[in-house]
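Undergrad: Sequence lines, in order, name chains D and G.
All letters in the first sequence, in the order written, are residues 1 to 441 by the numbering used here.
All letters in the second sequence, in the order written, are residues 1001 to 1441 by the numbering used here.
Derived from the structure by calculation, the hints contain no laboratory data.
Careful, some of the hints might be misleading.
Covered stretches of chain D, as calculated for chain G (at least 3 residues, CB under 8 Å) [claimed, not checked]:
#, segment
1, 19 to 28
2, 177 to 184
3, 267 to 279
4, 309 to 321
5, 354 to 367
6, 376 to 389
Yeah, the Cβ is synthetic: ideal placement off N, Cα and C, and Gly gets one too.
2 protein chains.
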Amino acid sequence: MIFLNVNGNLEPLEIAKRARAAGLKMSNSSVETRNGIILAIAEELNRSRRSVIDANDKDLAEAAKEGLASPSMKRLKLDDSKLNEMIRGLNHIAGLGDPINKTLLSVEMDQGLELYKVTCPIGVVAAIFESRPDALIQISGLCLKSANAVILKGGAEAKRTNLELAELERRVSGKFDFPIDAIQLIESREDVEKLLKLDEFVDLLLPRGSSKLVNYVRENSHIPVLGHAEGICHEYVDASADLNMAVEICYDAKVQHPAVCNAMNTLLVHESVADSFLPKLSTRFAKSVELRADERARKWIPEAKFVTEMDWSTEYLSLVLAIRIVNTPSEAIDHINRYGTHHTDGIITDDSEVARRFLREVNSAVVLHNASTRFSDGYRFGFGAEVGISTGKVHARGPVGLDGLVTHKYIVAGHGHLVASYVGKNPRPFTHTNLNKTWNI
Amino acid sequence: MIFLNVNGNLEPLEIAKRARAAGLKMSNSSVETRNGIILAIAEELNRSRRSVIDANDKDLAEAAKEGLASPSMKRLKLDDSKLNEMIRGLNHIAGLGDPINKTLLSVEMDQGLELYKVTCPIGVVAAIFESRPDALIQISGLCLKSANAVILKGGAEAKRTNLELAELERRVSGKFDFPIDAIQLIESREDVEKLLKLDEFVDLLLPRGSSKLVNYVRENSHIPVLGHAEGICHEYVDASADLNMAVEICYDAKVQHPAVCNAMNTLLVHESVADSFLPKLSTRFAKSVELRADERARKWIPEAKFVTEMDWSTEYLSLVLAIRIVNTPSEAIDHINRYGTHHTDGIITDDSEVARRFLREVNSAVVLHNASTRFSDGYRFGFGAEVGISTGKVHARGPVGLDGLVTHKYIVAGHGHLVASYVGKNPRPFTHTNLNKTWNI
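Make a model of the complete structure from these sequences and hints.
TA: So this is what it looks like as structure tokens:
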């Protein structure tokens, strides 16, 4: 069984070379084959519940012995309901349209000379994630669909579960006319270190986990990275805000799930509404949130602690909220651009001119008007699944689904056309007319 | 005059901070203002021909004293005809559509909750280019149009010319309600070194010049880089090629302008057509091209030198051509993916099945069917102007025009919508229906 040890003890260089070769073959695969594999993995996952949960139990037992914290234990644990979700996720990905071979542009350059811009896979993607073994299924499903070869590195504590899942995926894809190395697994931190240097064979890195992990990846590689380190998200309550709406949005953004990257970290309040808004907010929070406020805000919420400069750039991930009074929308925009992490920021106002300025000038991947920061999510945006949320400004930004896993190539189709005809004394002109045509030879 | 010394002797950190602030303001500028500035720069350039050419003359005199090679002298020199081209280029950029504030996606998430994906500027772009001072005008024109702040570093030999041009641009934009630091210039290599480390303030690097320059930039920064180091481009003459067409395409790809990145470097010939094709080619080249061929090919072109392994990965930029016989299209594809630089590669064949495979599996930014590699160019593609050709696979790939200088943000517009309504026991469903609407508040 070549599948059993996934890749035996291959060196990262060999793994990356195999991924490159697999990726090149995959770029010519049909969407029917790719969907067939994804659906077959879902079926096999359903049939293999016992062995997956067994492997997970062993990981859980070892993690318990080593004293893994309870939230991490919860994320590590797979049960039937989580497996159902994973299976549903794969079926959903199979149902999405083919992200590759889409014509983005078609131009007649001259008679018989056509230019197409067509989506194609990026090539080789390396995903480095922590704890949650369900991430392995989601990420590899998206990579299969987009015809990218993927190299997976999961958390050490989920070692047996990840191995079981990756073996299952390779066993299934091996039954199709498809490269077995479309999915590969690496296990050690040393292998990650080596992988980060393989610019020639790895096209994109997807770190998903703590800001420590993401920063480590960014600082140790010249390969493009998609992801975000921290989410320091803001809501700004403007002078023209509907204050009852503002209270409810702030409650949702802070309390509904405080441990995630798109929860509100800092609240900015226009000075003209502070006296009516802050006591309302304090009542709504009913002491469940620790407030840290600047001196002016403490006039209306004396129970708040004093906020410090460090608070503005600290990601809480818990029921703590920093509060600042601002005199103008400009001051709010400046604060967000200075202290935020360019992830997700919202404004609550009924003044559309102020909203427009805020939405344009705030330098973040997702900006919201009269809605909770918690909406910033690939599933809620309707992308089906996401490989992460990107705060980078090139390629994909914000929640990243299949669109972020493809690139494009330009295809020129001629009939012996020569550049020499278009230069010199009597150059032929280019026509450059839109063809509105799909590339299809 | 605050314009005169461009930025006096500011440190790169201060320059980058000013660029960031300028970029944030520019993101809210109207396309009318941006076009107005571009047209005013074109007019001012026309009025200031004398002083620009004077500055250029001084650069030329010094370069001559220092023994600059003749092709570089030619690229450095500005005359009235080059100035006319620069002015025409600016007018053309002003005439293109606004690349920002374009709605790429509009989705109703639920009643009253709308999601928009809208193009916006990247922010701060640093362009590092060699010799040609006309590149300064082209790059800054594209950056102005796309509302990006730009930091320019030109070649040392064009120092006076670049200073004259950058001052002119700042003088003009200072007359508008527009940030003066939209365009800044740095001059020393040490400043470039510092700039490459300023990830927080610089969003994109555009190196344009020798492969040494591009590799230096890539290796010394974690900021995303758009560009290409070398162009090792191939034409593959298939078993089903029209051989007369093939000879003319190869002549164009090799001889029409050999010193550029999209000229043919290596010719791959299917063994079944070698005996009829190679003598034809040799006659057409009439000894003007130095041929270096593998043993099998030398049977038909005995005048060729022996090719070595090193030739496959050497960018000639001159009238030299490496030739290899392959047994199958797969062998040609493998050769190109292995030795090429993923820039531009073509196939000459009348077999559409072989063409399809080649165009899909060759891992290059531009792939061509029955056309010369020399077509790979932003102007010929109809993009108006280009900041360069990218061999990177994320963000922009191939010739990069205005589209490569924008990113997007997601805008969520609600009416007090809370995530809490969409989770838990009786969650509201998302509708996720296409709105086909332009973002416009």
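Undergrad: If you look at each residue in the segment 177 to 184 of chain D, do at least three have a Cβ nearer than 8 Å to any Cβ of chain G?
TA: violated (count 0)
Undergrad: How does the segment 376 to 389 of chain D fare against chain G when you require at least three residues with a CB closer than 8 Å, holds or violated?
TA: Holds, because 4 residues of the segment 376 to 389 of chain D bring their Cβ atoms closer than 8 Å to Cβ atoms of chain G.
Undergrad: With a cut-off of 8 Å between beta carbons, are at least three residues of the segment 267 to 279 of chain D near chain G?
TA: Coverage by chain G is violated for the segment 267 to 279 of chain D (0 residues, Cβ < 8 Å).
Undergrad: At a Cβ distance under 8 Å, does chain G reach at least three residues of the segment 354 to 367 of chain D?
TA: That given contact holds, which follows from 11 residues of the segment 354 to 367 of chain D lying within Cβ reach (below 8 Å) of chain G.
Undergrad: Are at least 3 residues of the segment 19 to 28 of chain D within less than 8 Å of chain G when you compare beta carbons?
TA: holds (count 4)
Undergrad: Per the coverage rule (Cβ-Cβ under 8 Å, at least three residues), is the segment 309 to 321 of chain D covered by chain G?
TA: violated (count 0)
Hint violations for this structure: numbers 2, 3 and 4, all remaining hints satisfied.
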